Amino acid sequence: MKKDVILSLRNITKRFGALVALDDVSLDLYRNEVLALVGDNGAGKSTLIKIISGALIQNKGEIYLNGKKVDFATPVEAKRAGIETVYQDLALVDTLNVANNLFLGREEQVSLLGGTFKFLKHRLMEKKAQEILDTLGIKIPNIREQVKYLSGGQRQSVAVAKAAAFGKNIIILDEPTAALAVKEVGHILDLVKKCKQKGISIIIITHNLEHAFMVADRFAVLRVGKKVGERIAKDTDIDEIVKLITGGTFVVSKKGERKIKADSM
Amino acid sequence: MEDIKKNIAELNKNWGPQISLTIALAALIILFSSTSPFFFTTGNFANIGLYMTILGVMAAGCTVALIVGMLDVSQYSILALVGAASIMLDRAGVHMGLVLVFALASGAILGAVNGFVVTVLKVHPIIGTISTGMVFRGFTYMLTASRTLSLNPDTRGTYYAIGRGSLWGIPYSFFIMLGVYLIIHVTLKHTKFGRYLFAVGGNSNASFLAGISLRKIRFGALMISGVTGGIGAFLLLSQVGSLQPNVGEAALLNVIAAVLLGGISLSGGSGKLTGTILGVMVLVVIQNGMTILGIQTFWQMIVRGSIIIIAVFINVMRGGGFKY
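These protein sequences, in sequence, are chains A and B.
Residue numbers for the first sequence follow the working numbering, beginning at 3 and rising by one.
Residue numbers for the second sequence follow the working numbering, beginning at 515 and rising by one.
I should point out that these hints are in silico values taken from the structure, not numbers from a laboratory.
Among the clues, some could well be false.
To be verified - Straight-line alpha carbon distances no greater than 30 Å define the calculated DSBU-like cross-link-like pairs of lysine-lysine that follow:
hint, chain 1, residue 1, chain 2, residue 2
1, B, Lys527, B, Lys706
2, A, Lys130, B, Lys786
3, A, Lys141, B, Lys730
4, B, Lys519, A, Lys185
5, B, Lys786, B, Lys703
6, B, Lys527, A, Lys185
7, A, Lys200, A, Lys123
8, B, Lys636, B, Lys520
9, A, Lys196, A, Lys71
10, A, Lys150, B, Lys527
11, B, Lys520, A, Lys185
12, A, Lys120, B, Lys703
13, A, Lys123, A, Lys150
Values in this document were obtained by computation on a predicted structure and should not be read as measured data.
All chains should be built: construct the whole structure from the sequences, respecting the hints.
This is the structure in structure tokens:
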């Protein structure tokens, strides 16, 4: 059975001056899968998702969405194409409430006097916001609460919910479990699974491979700007992924700790 | 008991500054009433009501700029330049209605100059508006040849009818101020532009990623701030009938003092007009009371400066320090 490719990156190269952040990376994302994009700091993960989400433009290479070539000049264009990205720390406005955040940039308005005056439809947006949270099983005591008074996990849930509600095709999550309490991590990972059940394709970036293995169907590993491997989650394990990430092998130290021995590169 | 505690915390979170300002206002009124027989009189209250209108209108504009995280220090210079030009138009025989339109439009244009400096030339708002303020003030001195200008004696009456007239003892100017607050309130709470003012002030990166044009929002906020300077100019003319080119130079920080006193955060993203108007009232009552009690100007300056520091300190304690 041939899987349905929703997003296809072909030979993406991105340079920052002399630095080659991404070197000829090709990657496919299948419909309705969770792809974990992993790699060390500086491997090019963030650069790659920024290119997919329109925040950066590649120097070389093409992006195909549902088989059609796309060029996103701004994040807004990527959003219009149904690609939503949840950036670390950049997803929400602290001083706006939950409902306002969910509809930020997509406010519903009522026109008066033939469009001379336009006013926000508070009630409608609050009702829809509550529905969005309910469908994903997210419990926020009061959607009129400013986001700054929510816990880290609640904030992240709201950010993911926003992406899930409006990302028709793909949602990209940048370190969604970083800086969360253990219990909250479970909620977020459940949320990722729920989004997948809704038929959305998800790219998740994380440093925590255990979290990645809990949700990912497939892994793509980047190392210093190159894609060094792709693995099906159920056919691989943490050790192999770590090896791919670091280019080294595990050795067990005298104290029984697992340490990484780097290859001579 | 837990419930009561929770409710009080909730109340403090949402309305803390408003509650403390109302208490402060009541305390000040009691203090001044008990120390001077001239304070608690309808005449003096009408006086306070009139005096607070110019400050109040500009403070509303200043609040809009602060919500986006920008301080506009050029408002009094805008008032001076617009005021001087308006008087010259009046003396050239232009009808008062047109002078009003001119005041609003030129306030907006000078606000747009601020917008250009801050969003296109990317000069930090404080530095930018101090500098444009200096430029506007320079033009004011040039236009007036450093002299006090007065309205044409033949038309002065029509201005005074607005500036000094009142309904049920309440000055018309006070109603104009309320109108400005109503319009800005509706803009802040019920329009997309208003929502985006809070969004950009709260998290400009997230707003940009949501597809909001940061430049448009910041530009718009500074234009509103400028328009309130223009309205201030018109109110001044209709109340006083003349304009000194150095008007407001000594009062430069009054607007900002009032707004900060009202609990508007310097870090952007939040602010309530109820706080602003209460801040204005407290400041004006303090000034009025001190003047009635015959307290000398230098003491008044010391008090005003201290108020700003205390207001900002309380603001920082509530988690609203400066952020750029």
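Hint check results:
1. B/Lys527 / B/Lys706: Holds. B/Lys527 to B/Lys706 sits at ~25 Å (cutoff 30 Å).
2. A/Lys130 / B/Lys786: Measuring from Cα to Cα gives roughly 26 Å; hence the hint holds.
3. A/Lys141 / B/Lys730: Not satisfied, since the Cα-Cα distance of roughly 35 Å exceeds 30 Å.
4. B/Lys519 / A/Lys185: Distance of about 28 Å is within 30 Å: holds.
5. B/Lys786 / B/Lys703: holds (10 Å)
6. B/Lys527 / A/Lys185: holds (28 Å)
7. A/Lys200 / A/Lys123: holds (27 Å)
8. B/Lys636 / B/Lys520: violated (44 Å)
9. A/Lys196 / A/Lys71: OK: A/Lys196 and A/Lys71 at ~29 Å, within 30 Å.
10. A/Lys150 / B/Lys527: holds (12 Å)
11. B/Lys520 / A/Lys185: holds (25 Å)
12. A/Lys120 / B/Lys703: Satisfied, since the Cα-Cα distance of roughly 12 Å is no more than 30 Å.
13. A/Lys123 / A/Lys150: With a Cα-Cα distance of about 23 Å, the restraint between A/Lys123 and A/Lys150 holds, given a limit of 30 Å.
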